[in-house]
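First to last, the protein sequences are chains Y and G. If you read the first sequence in this note's numbering, its first letter stands for residue 227, the second for the next number, and so on. If you read the second sequence in this note's numbering, its first letter stands for residue 1082, the second for the next number, and so on.
Any given hint could be a false lead.
Facing chain G, a subset of chain Y residues (Cβ under 10 Å, in silico) [what the hints assert, rightly or not]:
1. VAL261
2. THR270
3. GLY271
4. LEU287
5. GLN288
6. ARG289
7. ASP406
8. GLY409
9. HIS421
10. HIS432
11. ASP433
12. ARG435
13. SER439
14. ASP448
15. ALA455
16. LEU457
By construction, these hints were calculated from the structure, which means they are not laboratory data. Owing to the predicted nature of the structure, the values given are computational and were not obtained by experimental measurement. Positions of the beta carbon are idealized from the N, C-alpha and C atoms, including for glycine.
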Amino acid sequence: MSDRPTPVLRAEGLVKTHYGEGAPAHAVRGVDLCVRQGEFVAVTGPSGAGKSTLLHLLGGLQRPDAGSIWLDGDCTDAYGEARWAVERRKRIGIVFQFFNLVSNLSVADNVELPALLAGVPPKQARAEREALLAELGLAGKERSMPGELSGGEQQRVALARALVNHPPLLLADEPAGSLDSKGTREVMRLLSRFHQRGQSIVLVTHDARLASSADRVISFFDGRIADDAELDGMPTRGTGISGVLELRD
Amino acid sequence: MRLPLLALLARGPAHGYELKQDLEQLLGSAYPQPNVGQVYVTLGRLEKQGLIEGEDVEQSSRPNKKVYHLTDSGREALRAWFEEPEDEPRVRDEFFMKLALAPQTGLAEQIALINKQRRQYLNTMRHLSKLAAAEDRDNRIAQLLIEGAMLHLQADLDWLERCQEELEELE
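Chain G with its partners taken away, still in its complex shape (with noise of 0.2 Å):
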């Protein structure tokens, strides 16, 4: 959460509770709710490391509350964060593992492990799928986050039946 935190940041200062709504109505209903003590543990964090500074602003009848604002190697990071390319998602490395290993323990059988793995993703698929009827349509972020999530899983779903199709034959 650090650096989309120091990016909604460099659209001015903000406090804590401020970050959190405002990270909550940009991504949607779908994505799971930062959680408020998360966000003030990470912006301790980025406070420490010199990206962002706080300032104690009074309040009547309240505590103070703590404003940020983005410092320059804050912008700096942010930069190069833009920068560079972000990995590419990976194979399910854990299920790869299971269906390559299956026949040699004959504890588990390669078919079986697969039908499993699908029913878990085809009901991923159908909560996405939910989500995106409940979400608001103009929401354009958050419908593109909830896409990307269901394209994944067709990919991995894709893939599954792949398997199936190369591993049934050899039945």
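For reference, chain Y alone in the conformation it holds in the complex (with noise of 0.2 Å):
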């Protein structure tokens, strides 16, 4: 065995073709991915090349026609709807573009429920739910009701509910989808505090802005990754930065 770690994810060979009214479609035409610890990935390309039915399989929400996808080291081949529906509990955490937070449960409520049904003892989950919430500066809040809040709001209440396990891997697919451009600088700027402490995140974004906030990016384009570029914000050639800011003399 090498001496590398374990990477939180890893996909082979992964393909899921929609069969609806007219022609089969092709959403994912054999991916393989592997996402390292710690890593920031997104993913990048036009509306249909297939890129949420990809963070649909990675998170289990949909089974592969084809492949294998392994979570930390173990291969979910055999996993049923129940324990998927435990990883995204435990392993897993995903926010999606528009929110789905349960509209007639308290912020509060919303953000414990997940914690309660791993099987946290209530006040570690309500001392997890406070600290997560003040850190997303929705202190409070904790009595509101969803739909009383904005949208920006509401998905940070939705990412405090997708982190209070602590999953190792945070799946987020549009998560700015729905949001202004306030909103999606404020998600852009919390995903990158969370990237930074360790959370290891793949992000599912038509928006090049919060792509680059990633440490690396997958074009996906037809069901296939076109293209795949570690980026270091640190443009190697031409005029880079300068060029796009300049005034001309």
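Two chains, two frames, a set of hints: combine them into the complex.
Written as structure tokens, this is what we have:
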């Protein structure tokens, strides 16, 4: 065995075809992917390229037609619905474009619920919730209902819910897709902050600004990985940033 | 830099180094720092054109410094500047030419060109988001400058995506 650390996520040969009305849609056509511990990977591409389907496969929300997924080195081939549901509480946190909060539960209950379901003692669940909401600038909103909050606030609650059980992997599906530009910047800032503390993240977005907060950007076209680039934020050639910003004489 | 310097002088007289500092403060750290030599050269040119006038001010124990003020024709030039809308930003002509001509040469692949160009833009985008995070959040002008640059790049990236969609279908 090599002494490389086990990747937090690995996928090989993933295929997913949607059969609906009309021609079958080949959403994911043979994808290999490896996400290292602490890595922040963005998947970008046009809408309809299959990137959301890919994320759903990675989170067990849909099952692939072919291929396998490993979480922390454990093969998930034999996992059923119930097992995936457990993984989504413990090892994988997910945030969605439309937040998917439980509308008739308070903010506090939305965040505590996954902790309680995972068997965390109520006292500890409450402490976790308090710490996260404070961190996300939502102290004082515990008793609000999701519908009373702005989109940006709802997404922050969703982020707290996704992270309450300290999952090794965070999956984010267009998390700023229904937010204004201020909300987008907020999400960007928070994802970067959690990443800096070691959170592994896979982010699906069509927004290059959001994607640029990641260390690595995968361009996804037509169900396939077209390019996979590590970003260092230091343009290696050309005028780079000064060319973009400079005043002309 | 001519007109920004004129605009700074519309407030009142100032010397070269002051103007450089004002510009830096206004535009923030993301903006390439104006070189003080360049500021003096530009001021000299503006003076020759009669848009500003310099006056030597004596300083004890240091060489004289030149304090500039705006002339009437300088103020007029500034009015004309504000009057005119600016040209549209250009499509990246050079990249477009590469993309258009690559297939005939047999020397480069279009998709590879697009991927290479995207990496360049994404890297710059990442640099910009780091700058935005480091810049004082209350400096609105500086933040807007960075956001503007990011939105331009976003548009360029969207266009690369369109190119890729169209050209991959042909393959």
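Going through the hints against the structure:
The closest approach between the C-beta of VAL261 (chain Y) and any C-beta of chain G is roughly 18 Å, which is over the 10 Å cut-off, so the hint fails. A cut of 10 Å between beta carbons decides the hint on THR270 (chain Y): the least distance to chain G is about 8 Å, and the hint holds. With a least beta-carbon distance of about 7 Å to chain G, the hint placing GLY271 (chain Y) at the interface is held under the 10 Å criterion. Hint on LEU287 (chain Y) is violated. Least Cβ distance to chain G is approximately 25 Å, over the 10 Å limit.
A distance limit of 10 Å between C-beta atoms decides the matter here; for GLN288 (chain Y) the minimum to chain G is near 24 Å, and the interface restraint is violated. Annotation: interface hint on ARG289 (chain Y) violated; nearest CB of chain G at approximately 28 Å, more than 10 Å. A distance limit of 10 Å between C-beta atoms decides the matter here; for ASP406 (chain Y) the minimum to chain G is near 13 Å, and the interface restraint is violated. For the restraint placing GLY409 (chain Y) at the interface with chain G, the shortest Cβ-Cβ distance is roughly 14 Å, beyond the 10 Å limit, so the hint is violated.
Hint status for HIS421 (chain Y) relative to chain G: violated, with the closest Cβ pair at about 12 Å, above 10 Å. Hint on HIS432 (chain Y) holds. Least Cβ distance to chain G is approximately 8 Å, under the 10 Å limit. Given the 10 Å rule on beta carbons, the hint for ASP433 (chain Y) holds: about 7 Å separates it from the nearest Cβ of chain G. Hint status for ARG435 (chain Y) relative to chain G: holds, with the closest Cβ pair at about 5 Å, below 10 Å.
Because the smallest distance between the Cβ of SER439 (chain Y) and any Cβ of chain G comes to about 6 Å, under 10 Å, the interface hint for this residue holds. Below 10 Å, beta-carbon pairs count as interface contacts, and ASP448 (chain Y) has one with chain G at about 6 Å; its hint therefore holds. Here the hint on ALA455 (chain Y) is kept, as its CB sits about 5 Å from the closest CB of chain G, short of 10 Å. Proximity of LEU457 (chain Y) to chain G holds as hinted, the smallest CB-CB distance being about 5 Å (cut-off 10 Å).
Violated hints for the displayed structure, listed by number in ascending order: 1, 4, 5, 6, 7, 8 and 9.
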